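Every letter in the sequence shown is one number past the one before it in this note's numbering, and letter 278, counting from 1, is 279.
Keep in mind that the hints were calculated from the coordinates and are not lab data. Some hints could be false.
Result set (DSS-like, lysine-lysine): computed pairs, CA atoms no more than 30 Å apart in a straight line [claimed, not checked]:
1. Lys162 / Lys126
2. Lys85 / Lys127
3. Lys162 / Lys144
4. Lys127 / Lys144
5. Lys232 / Lys126
6. Lys232 / Lys127
7. Lys162 / Lys232
8. Lys126 / Lys144
Simulated restraints, written as ranges between beta carbons of each label pair [to be verified]:
9. Asp86 / Asp188: 19 to 25 Å
10. Phe183 / Ala73: 40 to 46 Å
11. Thr168 / Asp276: 24 to 30 Å
Bear in mind the structure is a predicted one, so any value in this text is a computation, not a measurement. Note that CB positions come from ideal geometry on N, CA and C, so glycine has one too.
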Amino acid sequence: MTTLEGDAQVPESDLPGKSATESSTTPSGQLTIGDLADRTGLSPATIRMWETRHGFPRPERLESGHRRYTEADVATIDRVVQHKDAGTRLELAIMRAMADATPAAPSVYAYLRRRHPALGVHRLKKTTLLALSWAIEDEFCSKADRADIYGAFQRERYYEKAEPRWTELARVANSATAFADFPVSDDTTAPVRVALPADAPMRREWAVVCDASDLPVVLTAWELPGQTDVKDRDRLFESIWTVDPAAVRDAARVCSSVAGQPVPASLTSASVSPDPTAVTGLFNRMVSYVDRLS
Numbered sequence: 002m003t004t005l006e007g008d009a010q011v012p013e014s015d016l017p018g019k020s021a022t023e024s025s026t027t028p029s030g031q032l033t034i035g036d037l038a039d040r041t042g043l044s045p046a047t048i049r050m051w052e053t054r055h056g057f058p059r060p061e062r063l064e065s066g067h068r069r070y071t072e073a074d075v076a077t078i079d080r081v082v083q084h085k086d087a088g089t090r091l092e093l094a095i096m097r098a099m100a101d102a103t104p105a106a107p108s109v110y111a112y113l114r115r116r117h118p119a120l121g122v123h124r125l126k127k128t129t130l131l132a133l134s135w136a137i138e139d140e141f142c143s144k145a146d147r148a149d150i151y152g153a154f155q156r157e158r159y160y161e162k163a164e165p166r167w168t169e170l171a172r173v174a175n176s177a178t179a180f181a182d183f184p185v186s187d188d189t190t191a192p193v194r195v196a197l198p199a200d201a202p203m204r205r206e207w208a209v210v211c212d213a214s215d216l217p218v219v220l221t222a223w224e225l226p227g228q229t230d231v232k233d234r235d236r237l238f239e240s241i242w243t244v245d246p247a248a249v250r251d252a253a254r255v256c257s258s259v260a261g262q263p264v265p266a267s268l269t270s271a272s273v274s275p276d277p278t279a280v281t282g283l284f285n286r287m288v289s290y291v292d293r294l295s
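Kindly produce the complete structure, drawing on both the sequences and the hints.
Now the structure itself:
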């Protein structure tokens with residue numbers, strides 16, 4: 002086993018009374034920490050130490066507390082080790098490997114559900130999602146932070162209603178990208194329009210992703226099927242929103258991948274904890290906008 006950066010100082014047990022390999026039965030395609038250690042050549046202690054110190058890898062957690070990993074985690078750790086063997090510091094090696102990784106699902110909502118299962122899911126109407134989205138966008142505009150922002154609109158006609166807002170967002174953003182059933186175009190005017198093919202999972206999604214330094218935030222939702230006879234404003238979505246920097250960074254990487262864009266330099270830098278004052282301001286604006294639209 003490879004030992005890196007203080008293996009001996011990290012307890013071998015993941016939970017009291019649990020073995021280092023967490024050898025309980027796993028669903029097909031999921032790996033225990035022992036499996037991951039065998040596949041990557043790292044010790045379980047090293048994997049846990051990386052998670053504690055660097056937030057990587059980010060496993061799913063069973064109700065028992067056991068970690069579960071995927072084949073994508075194996076590939077990303079292999080890239081970390083390659084960068085590290087080439088002389089790169091561990092924290093930079095992790096950033097580069099994660100930036101190189103392609104999300105497993107071309108869907109913001111599906112990827113966050115898989116990678117961050119602890120995030121709460123709420124069933125919301127379109128009017129509520131509009132209020133939350135406007136609050137995020139206006140809070141971002143008021144700060145003029147040079148962030149990377151992404152929006153999923155499903156249909157071009159929905160984007161057209163929001164186009165004046167997103168034109169202003171693009172003016173103050175580092176980059177701005179919109180996704181919908183746009184016709185294919187070479188137009189690179191900001192915000193960049195990404196045409197989603199008919200079978201793209203993001204055609205059913207709503208998303209606002211703002212990867213900002215002081216207030217990273219993502220709102221994403223999946224439209225429930227069988228609503229052809231429902232009024233547009235009453236359509237229901239299963240929704241997630243969070244200011245967790247790791248989740249926001251994952252959502253931004255999915256968007257960048259779907260857009261076929263080079264990974265922005267900001268997505269390879271370390272994510273930072275959101276400013277509590279900024280989070281409070283966003284929450285207050287959300288409450289106000291939801292109340293107004295309701």
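Go through the numbered hints given earlier and state which of them the structure violates, listing their numbers in rising order. As far as the earlier hints go, 2, 9, 10 are violated by this structure, in ascending order.
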